[in-house]
Amino acid sequence: GESVGLHLPTLSVQEGDNSIINCAYSNSASDYFIWYKQESGKGPQFIIDIRSNMDKRQGQRVTVLLNKTVKHLSLQIAATQPGDSAVYFCAEPNSGYSTLTFGKGTMLLVSP
Amino acid sequence: GAVVSQHPSRVICKSGTSVKIECRSLDFQATTMFWYRQFPKQSLMLMATSNEGSKATYEQGVEKDKFLINHASLTLSTLTVTSAHPEDSSFYICSARVHGNYGYTFGSGTRLTVV
Chain R
1 GESVGLHLPT
11 LSVQEGDNSI
21 INCAYSNSAS
31 DYFIWYKQES
41 GKGPQFIIDI
51 RSNMDKRQGQ
61 RVTVLLNKTV
71 KHLSLQIAAT
81 QPGDSAVYFC
91 AEPNSGYSTL
101 TFGKGTMLLV
111 SP
Chain U
113 GAVVSQHPSR
123 VICKSGTSVK
133 IECRSLDFQA
143 TTMFWYRQFP
153 KQSLMLMATS
163 NEGSKATYEQ
173 GVEKDKFLIN
183 HASLTLSTLT
193 VTSAHPEDSS
203 FYICSARVHG
213 NYGYTFGSGT
223 RLTVV
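Protein chains in written order, with our numbering: chain R, 1 to 112; chain U, 113 to 227.
These are calculated hints, taken from the structure and not from any lab test. Don't be surprised by glycine CBs; every beta carbon is placed ideally from N, CA and C. Heads up, some of the hints might be wrong.
[As the list claims (entries may be wrong)] Restricting the straight-line Cα-Cα distance to at most 20 Å, the calculated cross-link-like pairs of lysine to any residue (SDA-like) are: (1) R:LYS37 <-> R:ASP49; (2) R:LYS37 <-> U:SER220; (3) R:LYS42 <-> U:ARG122.
[What the hints assert, rightly or not] Listed next, the stretches of chain R that the computed footprint assigns to chain U, with coverage defined by at least 3 CB atoms under 8 Å from CB atoms of chain U: (4) 41-51; (5) 95-104.
[To be verified] Okay, the calculated beta carbon distance ranges per label pair: (6) U:GLY165 <-> R:GLY16: 47 to 53 Å; (7) U:GLU199 <-> R:PRO82: 31 to 37 Å; (8) U:LYS126 <-> R:PHE46: 32 to 38 Å.
Start from the sequences, fold in the hints, and give me the full structure.
Laid out in structure tokens, this is it:
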């Protein structure tokens, strides 16, 4: 079945560093992925998404890379700030786009 | 746009009582809403999918008689935790998919504590 997972449960970085959060998926037919940020006690917030016809997509300070060959995607955050401290999830809709499956999440801790 | 409002944000109830959580789409019509449960330091687990005007679809292992879902209008879905027990204490989050859009919008979550 479909599954989405993460390699690193916790990532600690210094302010100003670049952060890379990884995610693996198992369904080679998956064609859409979303990254969410969840701050403590809040619901997930959309960060960036990417379709399978793309390898890379950039936003403001964030970049998502998709490697379909190894079924891996990553979220890169440039010049990480303390406000970036949160849990980051990758998510994948099912084939009918009716539900989302979330990965395990990575907690990003940014120290000043 | 595409804002989902969830209330209450926090609730404490006694064991054996029922609690209702509301999820409203403020500026769009949500044909389908989703309910997730999240335990500390864990991911979001889908509990059920609620469809306006029809019965909810529950994920395997989720008791439909315990977690009652009502989606009577295009802007409101409710989750009622019946006969709550301490093990039901969790963070409950609703979500809606914006019609015609691949986006999914989330509520701010409800922290339920059963004592």
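Hint-by-hint comparison with the structure:
1. R:LYS37 <-> R:ASP49: holds, 12 Å
2. R:LYS37 <-> U:SER220: holds, 12 Å
3. R:LYS42 <-> U:ARG122: holds, 11 Å
4. 41-51: Holds: 7 residues of the segment 41-51 of chain R have a Cβ under 8 Å from chain U.
5. 95-104: Held - the segment 95-104 of chain R has 8 residues with a Cβ nearer than 8 Å to chain U, which meets the minimum of three.
6. U:GLY165 <-> R:GLY16: 47 to 53 Å: Holds: the Cβ-Cβ distance is about 52 Å, inside 47 to 53 Å.
7. U:GLU199 <-> R:PRO82: 31 to 37 Å: holds, 35 Å
8. U:LYS126 <-> R:PHE46: 32 to 38 Å: holds, 37 Å
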